[in-house]
Amino acid sequence: MSRSGPHFGAARVDRRTLLLAGTTLSLATLAAPPATRAQAKSLRVASLLPRSGFLAPAGQSCHRGALAAQALLTDLGHAIEIVHIDTESNVETARTQAERAINEGAQALVGPFESGAALAIAQVCEQRKVPFIVNIAAAPQLTEQGYQFLVRNFQTGGQLVANGLKLIASLLDAQKLSYQSAVFLHANDTFGTAQRGAMDALFPKANLPFKLLDSIAYDPRAQDLSVEVTRLRSLSPDIVMVVTRAGDAVKLVRDMVRQRFEPKAIISPGSPGLYDEEFFQTLGPLSDFMIYNVPWVNPKSAMTSALEKAFAKANPSNRFAVDCLNAGFTFEAFLIAADAFKRAGTSNGPELMAAIRASNITEHVMTGGPITFDAKGQNPNIASVSVQNIKRTPTVVLPADIATTAPVMPMPGWQGRS
Amino acid sequence: MSLTLSASVIVQGVLTGLVYGLMALGLSVIFGIVRVVNFAHGEFAVLAMYIAYLLFFWLKLDPFLAALPIAALFFGVGYLLQRALINSFVARAEHDQFILMVGLAIVLVNGCLMIFGPEARHAELSYSLDSWLAGPLIIDAVRVYAAIGSLVVALMLLAFFRLTDTGTAIRACADNRLAAAIVGLDTRRLYALTFGLGLACVGAAGAMQTAIIDPNPSLAPGMTLLAFTVVIVGGLGSLIGALFAGILIGVAEALSSLVMAPSMKSLASFAVLVLVLVLRPQGLFGKGG
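Going down the list, the protein sequences come from chains A and B. Take the first sequence: its letters are residues 1 to 418, numbered as in full-length UniProt numbering. Take the second sequence: its letters are residues 1 to 289, numbered as in full-length UniProt numbering.
What the hints contain is simulated information worked out from the structure, not anything from laboratory work. Just so you know, even glycine gets a beta-carbon here, dropped at the ideal spot from N, CA and C. Misleading hints may appear alongside valid ones.
[What the hints assert, rightly or not] To be clear about the criterion: a stretch of chain A counts as covered by chain B if any three or more of its residues have a C-beta under 8 angstroms from a C-beta of chain B, and this derived list gives those stretches:
hint, segment
1, 219–225
2, 230–244
3, 258–265
4, 347–354
[Stated by the list, open to error] Only part of the chain B face toward chain A is listed, based on derived beta-carbon distances under 10 angstroms:
hint, residue
5, G13
6, D62
7, G103
8, I115
9, G117
10, R143
11, N176
12, L258
13, M264
14, Q282
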């Protein structure tokens with residue numbers, strides 16, 4: 001083809017033009033909005049968890065679930081790539097890390113164990129139209145503020161407390177005990193305050209056979225809880241209902257032992273702290289006989305067995321029996337994302353979110369019915385069970401159909417335990 | 001509110017306050033003399049807690065006894081740190097000093113996080129859950145030991161500054177650095193000694209606190225803030241002031257927990273701080289002007 005000869009189209013294709021066109025195409029591809037890149041072969045999901053800071057024990061526990069999730073979901077034929085990010089137990093860090101994760105290509109976010117951080121991340125996801133699956137966070141407002149890109153696969157504070165109170169009544173009935181009084185002691189963070197609100201609203205309607213003498217808020221970062229326990233001791237309740245985190249649960253028990261205060265039962269109507277490895281390791285026999293009414297893994301599910309094996313492989317030095325709540329809900333959050341991606345066939349935010357909201361996962365690990373979401377993005381099918389620490393191991397004691405042993409009530413004294 | 005309950009809470013406040021005072025002593029010494037604000041104070045305390053934990057874990061050395069070697073180690077670290085690094089910042093702007101110390105704090109706390117992880121470590125002492133009955137009152141044994149330790153460290157420091165030639169020279173440096181240099185005092189060495197002494201206090205305080213609080217990297221910023229509050233309330237550079245302010249804040253926190261809510265503890269300590277800043281800006285035991 002000569003320079004002066006006839007040619008098709010508006011321009012001749014020489015080497016310079018080809019180079020320019022190639023460069024332009026590459027830049028256009030890189031600069032294109034995510035929608036044009038949505039036909040991804042795998043889903044990139046950011047795992048936002050408090051792996052350092054005061055929530056680190058629980059965050060690390062969730063993280064171990066995320067490590068197991070990657071292997072198990074791959075085995076189950078899901079195409080998912082999990083990116084692990086630390087929110088440092090800090091709400092502002094959670095917000096900035098969510099932004100960063102999306103900027104770096106995350107197509108869905110999972111986390112963050114804590115309600116304050118969840119609210120911050122939800123705002124980012126709403127602006128960026130990226131699905132956010134809450135693994136653990138109970139503040140009711142998460143699913144009450146009309147977020148379109150958020151679903152929660154965990155009970156709300158109200159559900160935790162309502163189910164927790166029902167199980168306390170069942171425990172007392174099952175053991176034929178008649179306790180007269182209780183005090184509610186709770187952390188004053190977002191979660192604890194939400195639990196207090198739920199307790200104030202639900203306790204009067206719960207018709208429990210004991211009186212609520214007082215509700216005491218405390219700072220979970222306080223160096224000790226000696227004054228709180230002094231107040232508790234002066235009220236001398238039969239039951240201490242607690243909403244704790246991790247380190248504060250240890251401080252609480254220590255100060256109870258030091259002040260020789262022995263309630264007949266310490267029961268959490270739905271909170272962490274009493275089943276963290278740190279609690280068992282630090283307190284030894286003093287960690288036994290605490291009861292917590294929380295959602296738990298269903299030991300009869302085939303997927304629970306598979307998760308337990310994947311967990312053991314990914315975390316050989318950790319106990320699944322202790323981590324199973326955090327690991328189970330974290331795994332399920334990734335399962336929800338992977339399942340929706342498989343059905344939607346796209347990582348485009350709105351389409352993926354529509355698929356997540358249409359989830360109906362019958363084979364999963366936590367107790368309760370299938371994973372589905374109501375119009376607000378809340379899974380209404382999660383059940384609670386009563387778990388008691390027996391020989392430093394969380395053991396299901398109610399309901400009877402999945403219990404592995406009977407509850408020990410009243411709680412034995414602090415002295416003479418082994 | 002019963003008298004017994006109030007008395008129990010006040011006793012706990014006094015014991016906790018003495019531990020607060022001990023934590024603040026090192027900060028007070030360093031700021032009062034070297035005039036460098038140690039923003040890594042809490043981080044050094046946490047480092048001392050971890051060393052005490054390791055000494056207990058490996059050698060079964062009681063943290064109250066470990067306070068001695070840890071204080072000696074921290075004295076050496078403080079001396080070298082001042083000579084090698086901080087001394088060149090003494091005459092520089094406050095924000096330069098601030099960035100240096102905050103940088104040091106970040107390195108320390110993240111170092112602890114990398115080595116020990118985020119979970120709290122626990123030194124299981126045979127007496128850590130002991131308590132004594134004093135009539136209707138129950139008194140925690142470890143807090144009493146820590147309170148006694150605080151008083152001993154404070155008295156030793158006071159004696160050093162009042163009764164020794166080196167202590168007198170350091171006080172001269174604090175009063176007028178230029179005049180001290182003119183009369184032939186080696187101010188660089190004296191500052192290094194002071195920084196060493198300040199860190200030795202932090203080391204001793206951290207070691208003793210291991211008996212009460214489980215070491216955890218996330219404790220550090222709270223400890224720094226609390227120490228600042230105590231030092232400002234007591235008066236910058238005043239050792240007696242630091243101890244007294246520690247007790248005042250400990251009791252204020254405890255009483256506010258009883259009268260209002262335990263979650264309002266921090267409010268009480270900051271309320272005391274604001275009151276002191278308004279009514280007596282130099283602190284309760286600080287020198288005016």
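Here is what the structure says about each hint:
1. 219–225: holds (count 6)
2. 230–244: holds (count 3)
3. 258–265: Our answer is that it holds, as 3 residues pass the Cβ test (under 8 angstroms) against chain B, meeting three.
4. 347–354: The restraint on the segment 347–354 of chain A is violated, since only 0 of its residues have a Cβ under 8 angstroms from chain B and three are required.
5. G13: Holds, about 8 angstroms.
6. D62: violated (18 angstroms)
7. G103: This interface hint is violated because 18 angstroms lies over the 10 angstroms limit.
8. I115: Because about 13 angstroms separates I115 (chain B) from the closest Cβ in chain A, which is outside the 10 angstroms limit, the hint is violated.
9. G117: holds (8 angstroms)
10. R143: Cβ of R143 (chain B) sits 8 angstroms from chain A, so the hint holds.
11. N176: Interface hint status for N176 (chain B): violated (39 angstroms vs cutoff 10 angstroms).
12. L258: Holds: closest Cβ of chain A sits about 7 angstroms from L258 (chain B), inside 10 angstroms.
13. M264: Holds, about 9 angstroms.
14. Q282: violated (28 angstroms)
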